[in-house]
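Trainee: The chain contents come next:
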Amino acid sequence: MTRFALSIDAPWWEVWRLWTGHLVHYDLRHLALNVIAALPPVVAYPKAAARAAALLFAIAAPLISIGILLIARPHEYRGASALVIALWFIVPGRIGYTLMALASVKLIVETFHPFGIALPLAHWLGAAAGVITARTIQRCSPSFS
Amino acid sequence: MRRLFLLALILLSGCSFARNIHRRSNLMAYLYPVGDVAPKEATDVALQLPLRLGIAFVPADRSAGNYYGGVSNVAPADVERDLLEIVRKAFAGREWVREIVIIPSNYLTPGGGFENLDQVSRMFGTDVIALASIDQLQSSNPRRMSFLYMSIIGAYVLPLDKNDTRTLIDVAVFHVPSRTFILRAPGQSHITGSSTAVDVMPTLADKSNRGMKLAMEDVAKNLDEEIKRFKASVASGERKDVDIITKEGKSVRRSGSFGAIEALVALMLAAALLIRRT
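Heads up: the protein sequence lines correspond to chains A and B, in order.
This note's numbering numbers the first residue of the first sequence as 1 and each following residue consecutively.
This note's numbering numbers the first residue of the second sequence as 1001 and each following residue consecutively.
Keep in mind the hints are simulated off the structure, nothing from the lab.
A portion of the hints provided could be inaccurate.
[Said to hold, decoys possible] Quick list of the computed label-pair ranges, beta carbon to beta carbon: (1) A:Gly93 - B:Thr1246: 32 to 42 Å; (2) B:Gly1093 - A:Arg29: 48 to 58 Å; (3) B:Glu1115 - A:Val109: 42 to 52 Å; (4) B:Arg1277 - A:Gln138: 21 to 31 Å; (5) B:Met1201 - A:Arg73: 46 to 56 Å; (6) A:Ile132 - B:Ile1245: 31 to 41 Å; (7) A:Arg94 - B:Ile1245: 38 to 48 Å; (8) B:Arg1277 - A:Ala58: 22 to 32 Å; (9) B:Glu1115 - A:Ser104: 44 to 54 Å; (10) B:Trp1096 - A:Arg29: 22 to 32 Å.
[As the list claims (entries may be wrong)] Partial chain A-side listing against chain B, Cβ under 7 Å, derived: (11) Leu33; (12) Asn34; (13) Ile36; (14) Ala37; (15) Pro40; (16) Ala44; (17) His75; (18) Ser81; (19) Leu102.
[Unchecked claim] List of simulated lysine to aspartate or glutamate pairs, DMTMM-like, C-alpha gap at most 20 Å: (20) B:Lys1231 - A:Asp9; (21) B:Lys1231 - B:Asp1135; (22) B:Lys1221 - B:Asp1135; (23) B:Lys1228 - B:Glu1217; (24) B:Lys1228 - A:Asp9; (25) B:Lys1213 - B:Glu1085; (26) B:Lys1213 - B:Asp1078; (27) B:Lys1213 - B:Asp1127; (28) B:Lys1240 - A:Asp27; (29) B:Lys1213 - B:Glu1225; (30) B:Lys1247 - A:Glu110; (31) B:Lys1240 - B:Glu1226; (32) B:Lys1231 - B:Asp1044; (33) B:Lys1228 - B:Asp1241; (34) B:Lys1228 - A:Asp27; (35) B:Lys1221 - A:Asp9; (36) B:Lys1228 - A:Glu14; (37) B:Lys1221 - B:Asp1082; (38) B:Lys1231 - A:Asp27; (39) B:Lys1221 - B:Asp1170; (40) B:Lys1162 - B:Asp1199.
Ideal placement from N, C-alpha and C gives every residue a C-beta, glycine not left out.
All chains, please: the whole structure from these sequences, using the hints.
Mentor: Below, the structure is given as structure tokens:
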């Protein structure tokens, strides 16, 4: 197991895993799918999406990780999908609604599909983080774009 | 005078020579006897948790018959049971284990292959069986000072035989109905010591058992790591032939986080945005 993946078996002092678990991926395909999924917000609002991504990575990433560790207790978790879902929930306007609808369908399908607990949980936590971040951004900086 | 000299020679002569003992059981020779071909790679093997896991020692290699004289066990039955008990205790209480069943190796026929393993699997009600094979090499060599054995008493009191015991135990886990290899974990130990000439064989026997015990403890440790790695490889999709179904009936396979459909929709959306911008 890589020293960067999120894991319930990792010693407590390897706290960087709370962040890096969202950066490392299982393979190139896994990474490519997450990068493609992050494209719409980045293309629609390049600067704002970068700011939101930085905010999500700094604050939401460790909170999502702690949630995953406490509930799903995975031996190994990798991937940026939870953060990408969060990003989808931040995008305003029509594109935002489209992404939100797509994410909602995905979350429902995953919850009832036998994918185990870690993955749907991570995505639900990502969605929650996205909604909270969106509201925070709206209050602090109403013009997302 | 001549008779006296001969008597003195007999009394003073001590026996001291190098000994090598090789205990070996070969997993491949057991599973694939001569002429048997390996089965095709199985797909869609589902391991339903919690597992009822069988564990057994592979019977001794037939080619080692000169040494074993037809005995099919590498270690005595009680030693085998104690060794397997180490693994059983190490994994008892794990959430993925329902029961670990110790299968005496005399239920396994040398060179019996998967046909024999099928019978054992049905008999003990275990779809997944862990097979432990042993490779142990023991050597005992007299030290330079061993000429003191010529005093006869020296052979009883002076520990001038240097002995060395190297043990390797390899545990391979199989899903028997599909003949699928799940994972493997090795364990090893190395013990050195000395003994008197008359105690060489009892000392080697004792060190053989201790070496196997230490190697088995190492196996239990490594097996734990290998199981975690196996679970991760199934969850990541790296192992495509095997799936793990949890107690709740859910697969641990990762969906790819973002599936091809979501990625395609996202890509189309991004492309539409780019076109609209230009």
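Trainee: Tell me, which hint numbers fail for this structure?
Mentor: Numbers 2, 21 and 27 - these are the hints that the structure violates, sorted from lowest upward.
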